[in-house]
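Novice: Chain A is fixed; fit chains B and C onto it per the hints.
Protein chains in written order, with my numbering: chain A, 201 to 713; chain B, 23 to 404; chain C, 698 to 1115.
Everything labelled a hint here was simulated from the structure, so no lab data went into it.
Check each hint, because a few of them may be wrong.
To be verified - Among chain A residues calculated to face chain C with C-beta under 10 angstroms, some are:
(1) H294
(2) D301
(3) N308
(4) F323
(5) R366
(6) M625
Unchecked claim - Straight line, CA to CA, 25 angstroms or less: simulated PhoX-like cross-link-like pairs of lysine-lysine:
(7) A/K408 <-> A/K440
(8) B/K381 <-> B/K250
(9) A/K573 <-> A/K587
(10) B/K101 <-> B/K267
(11) A/K408 <-> A/K434
(12) B/K381 <-> A/K587
(13) C/K954 <-> C/K1103
(14) B/K267 <-> B/K250
(15) B/K250 <-> A/K587
(16) B/K101 <-> B/K268
(17) B/K268 <-> A/K573
(18) B/K267 <-> C/K1103
(19) C/K1103 <-> B/K101
(20) B/K250 <-> B/K268
(21) A/K573 <-> B/K250
Backbone N, C-alpha and C define an ideal beta-carbon position, used for all residues, glycine too.
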Amino acid sequence: MPTEPAGGEPAPAVELTGITKRFPGVVANSDVNITVRPGTVHALVGENGAGKSTLMKILYGMQQPDEGVIAVHGAPVVFASPADAIGAGIGMVHQHFMLADNLTVLENVVLGSEPGSAVALDFAAARRRIRDISDSYGLNVDPDRLVDELGVGERQRVEILKVLYRGARTLILDEPTAVLVPQEVDELFGNLRELKAEGLTILFISHKLDEVLSVADDITVIRRGTTVASVSPKEVTARKLAELMVGTALPVPELRESTVTDRPVLTVTGLTVTGADGRRVLDDVSFTIHAGEVLGIAGVEGNGQAELVEALMGIRAPAAGRIALGGRDITRLPTRRRREAGMGYIPEDRHRQGVVLESTLWENRVLGHQTRKPSSRGPLIDIRAAKADTERIVRDYDVRTPNIDVHASALSGGNQQKLIVGREMSADPVLLIASHPTRGVDVGAQAAIWDHIRRARAEHLAVLLISADLDELIGMSDSLSVILRGRLVADHDPATVTPEQLGSAMTGAEGED
Amino acid sequence: MRRFAPRAVLLGLAAPVGALVFAVLVCAVVLAATGHSLFDTIDAMVTAAQRPRTFVNSLNSATQYYLAAIAVAIGFRMKLFNIGVDGQYRLAAMLSAALAGATWMEGLPSVLRITMTIVAAMLVGAAWAGVAALLKVTRGISEVISTIMLNAIATYLVSYLLNPARLAEERPGSNNIGTRPITEGGQVGGIPVSGSSSDLFGLVFLAAAVGFAYWFVLSRTRFGFELKATGLSESAAVASGISVKKMVLLSMLLSGAVAGLVGLPQLLGSSHEYSLDFPPGIGFIGIAVALLGRNHPIGMALAAVLWGLLDNSANALDLAGVPREIVGIMQGVIVLSVVIAYELVRRYRVRTEQREVGKALGSTRDPAADGPKDDNREEASA
Amino acid sequence: MTAGLSVRAGSTPPARGKRKLPALAWVGAIAAVLLVLSAVRVFAGATDLTSSGTVQAALTAAVPLAMAALAGMWAERAGVINIGLEGMMVLGTFGAGFAGYQWGPWAGVVFGLLLGAIGGLLHAVATVTFGVDHIISGVAINLLAPGLALFLSKLYFSDAPGGGQKQSPRIDDAQKITIPGLSDVLGAVEDKRWFFVSDVAGMLRGLVTQVSLLTVLAALLIAGSVWLLWHTPFGLRLRSCGEAPVAAESLGVNVYKYKYLAVTASGAFAGLGGAFLAVSSGQFRDGQTSGRGFIGLAAMIFGNWRPGGLAAGASLFGYTDAMALRGSAAVHALLLLLGIALVVVAVLQLRSGHHVLSSVAGFLGVLFGFWYFSSDAVPAELVGAAPYVVTLLVLGLASQRLRPPKFIGAPYLRGQGK
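Bound conformation, chain A alone (with noise of 0.2 angstroms):
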């Protein structure tokens, strides 16, 4: 605990009060209201969308709030940069690495804020400096070493030196957790506590319910682009705040009487997958889906989902391993075989996968769809059908748009999200791939699109499910498996399992305590 001094609680390091930002036709932020006490780890909670990082822009200066007062320490303040942000003792770790990969560590520090003169960069005061820095919070790094040959964890640690080495006395960490393997996540834990005990301030972003639980001294929620509770985490349990996040009770994502068939759709033997570097990022996996059957995959992102995917989608070789649709062996079959066979897809990523940002809403209805009707008609293009089966997926998916010649720039990501899975599910699949199918999407969106998933189970679809929300996984699939490290380690029974026990065994934990 930090222990506070006598005389009653000090100035906030960070307070933010009434905050609202605009965009044209969104609110980002109304009215946030945060207090964060210095020395402490206080954690900003929220849903994929909820408003975070445009709130944590606004801390750092590269946004401008409408209205509201920021105050550090007490005294209101402006920031028109970044530049002001730092010079306040702010500093932030994006959740995307900002780092120039062909620069070195030292010169990615000491960017903005060079030791030495105009004519003559003081490389060796710059050395001393991140030495003694590195050295007295325990961070690791080498001045030297060129930024393109780091591990992930060592560039999270080299974008926290710049931070400490601008001064900052209050740090934002932006989803620092979402790329980092679990032993790097407790490392960088055991970092944040030797910043608090320094005497630093930490704001930490997250929507990993359980890392928040762990390290965090205060906890607020913001929802819908406003914060709605200010919690402890002694007093609060993962569920309740799950709750407060979403607003309502949860909708409850759940199966009603089992499909399962004895019809294998996906077989799929020893699939391994090799990185660019020669590791093994998918280690013999083997599983199968049966008609009827949702497999859901439980994991810390970056254990190999993504990759196993890919390799399903035929978007990545295998290195080794077989792959079966319906009896059918698939493993060297381009993608758009894959498709043509039965396989729907609904991307991790939208915005890089799923749709053509700036293609119209018919025209991303026959993405994916090119060779089939009713979009073509042998090699041409069927216009008339494919914008008439868009308004069936319009409707029938309820994407709210004025009509589909609008650019899908121009939705909102749940309802881009639904024209997804209304186009996936168009060409009546036999299995379906979703992968975080309902990621940053609204409530009601989720609950709609978890609706059409169990109707096409009910209609014998298979459906391998990816998510990182352990109740979403827990709830829609009919048996679940863990990945962690490329490899399948355990199965669980999604009857009785609890996420708690989900979250053990993707941690690896599992049995230990």
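Specialist: Chains B and C only, in chain A's frame:
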């Protein structure tokens, strides 16, 4: 393929018209600064353009510019920059001229001869573009760099082959050298236009056919759909079962094949040989025309005619005492300002569309993680 | 109360070999190249391969290329592709012609630089402020600049004494310097035709005899660029805009400002290259640059976006240029040199386990060797293509060693990073 909407059309026209007006303004300033009269200049050009001969020549130039523009546009639609159209058409024109002029060809029926010439030109163009495509798909080398290099190599290769010891012969009485002239049976007759001493190229129909094919393939076929999708988002294309490497290879080959046609209207229609004075640089004009015409088959046709008119009426300027290079300045300014104008219009359109969709749905859009930023840009750069 | 801080490093990729060769290895490599050159000279009897005259000519040819390459590097290090170099060089040649014949060569250099900088500024406005694709803007500038130069040329040179519609009056050449004693001694050694010793002497002599002050200036600019870009805060910030603009922005670097500065400087260097060309050839002529901007780009790629490398690339391309001018025996020997270089590449690639590349390089190497032994001369028309062919070969066969700035060509808009 959006629905017809007056505002969309207005927005579409705003950029090219704005760029033209801006270019005229810049030229007016340049002319004024150098002591010339803008009105005399315009008068001289307009008078010239009204002469049937100038007009026919303009259409003839436009025919070649249009073909070059389509070659460029095929790449553009896939975010491929075929800077190499220039080298591709020169090499193709030179080699197909040598083939068409060859003695043994004279015995063949005219249709066969012309077809063979056209096919040969397309093959050469495709092959030269294929080098860049191959380097891109196997070694990941930017086609911009490789086609720049291939343009230069083509220049030296053509000058190597255009040698009396190889594929050319000397022209007695001048220091020009060229391929063996194509005899009557290998030529494509022109279309006489009353009042003009020069004929309209017969191959203007070829250009129109290529333009139609370009439109049809891009907007109506699966291949065209896949090509456009790849250009807009490579990652989404891959996830949709499109082989990006195959598309790069095919579109580059197609672009090269069309580039191979660029020199033919003139080769078979009027010059009947490839010689030292065969017009260079049409590949770069093609880039300008494709940009101005926004890769649209009709837009590019209009742009090509405009370019042809500017080029051919410029001849009249020297007589009026104005350096004809003012036209070059104008063309350069048009290209630069039209791309800026298109970019501004694009940003405006994305903003208004998002706002309107938001308004139409009457609710605040949930700023799903990505915020309101203009995502298209990132995808576009991928 | 803190848990013992773990100092375990995360998953570290296997350390790669040292990136920089030690100085001794460089000396060795240069010596090896010289040895091969001398051997080929003796074997082929191509005296011109290493004569001081060739080196002088190569230097003159290399300087505009080096400036163009330096120009390309400045822009690309800040993340902006500049294929408008050719057009900016054209502006430089005109500026040099315009000021040079009236007020002397150095005024020409200054004017060339200024006009080039204006071209660069235009490119910056289009690409940085308006986010126009870098290639498109470059092409547009290449279309615009020659027209503008010719327009102005007709206007100002037609009636000038000794000028014409497409060329300026004569410009005086810049001063040339010779290091007196050294040049003679080296000349004496060169004339002996000793293996290696005379070759080295000949090449050194070329570097100390009748060297234009423009060449000296170019060398200073390259060295200055090394210092400015790699040893000052300004340079670090500029390079960060090409490597990770959003990261730079997040640290308070004004990315727009540095991109503007870099691209304008790029234009200035290209203009300087054009000015050098005009001054050293005595006048401005229409079409004088004849693709040198693109060769400069090639030299920059060959040099891996580094000043030392691009200087080597420009020298190499200047060297082939000089050889083409000086007769066929030496040019013919270049085939053998190219063959040897390719075989060396093949061996290096084999050692790093790239079998396909190695076989392609080896095959091409043997092909060039075969060409050499089965012919007596290389057609002069093909020699000019050498820089381009070499660049394609480098890109095709050794591109895994190339490290372009990560964000070249990428659009950047302030405040839109993730």
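Novice: So, for every hint listed, does it hold in this structure?
Specialist: Okay, the hints, checked on the actual structure:
{"no.": "1", "hint": "H294", "verdict": "holds (7 angstroms)"}
{"no.": "2", "hint": "D301", "verdict": "holds (6 angstroms)"}
{"no.": "3", "hint": "N308", "verdict": "holds (7 angstroms)"}
{"no.": "4", "hint": "F323", "verdict": "holds (8 angstroms)"}
{"no.": "5", "hint": "R366", "verdict": "holds (8 angstroms)"}
{"no.": "6", "hint": "M625", "verdict": "violated (30 angstroms)"}
{"no.": "7", "hint": "A/K408 <-> A/K440", "verdict": "holds (13 angstroms)"}
{"no.": "8", "hint": "B/K381 <-> B/K250", "verdict": "violated (30 angstroms)"}
{"no.": "9", "hint": "A/K573 <-> A/K587", "verdict": "holds (12 angstroms)"}
{"no.": "10", "hint": "B/K101 <-> B/K267", "verdict": "holds (13 angstroms)"}
{"no.": "11", "hint": "A/K408 <-> A/K434", "verdict": "holds (16 angstroms)"}
{"no.": "12", "hint": "B/K381 <-> A/K587", "verdict": "holds (23 angstroms)"}
{"no.": "13", "hint": "C/K954 <-> C/K1103", "verdict": "holds (19 angstroms)"}
{"no.": "14", "hint": "B/K267 <-> B/K250", "verdict": "holds (14 angstroms)"}
{"no.": "15", "hint": "B/K250 <-> A/K587", "verdict": "holds (18 angstroms)"}
{"no.": "16", "hint": "B/K101 <-> B/K268", "verdict": "holds (15 angstroms)"}
{"no.": "17", "hint": "B/K268 <-> A/K573", "verdict": "holds (23 angstroms)"}
{"no.": "18", "hint": "B/K267 <-> C/K1103", "verdict": "holds (22 angstroms)"}
{"no.": "19", "hint": "C/K1103 <-> B/K101", "verdict": "holds (19 angstroms)"}
{"no.": "20", "hint": "B/K250 <-> B/K268", "verdict": "holds (14 angstroms)"}
{"no.": "21", "hint": "A/K573 <-> B/K250", "verdict": "holds (20 angstroms)"}
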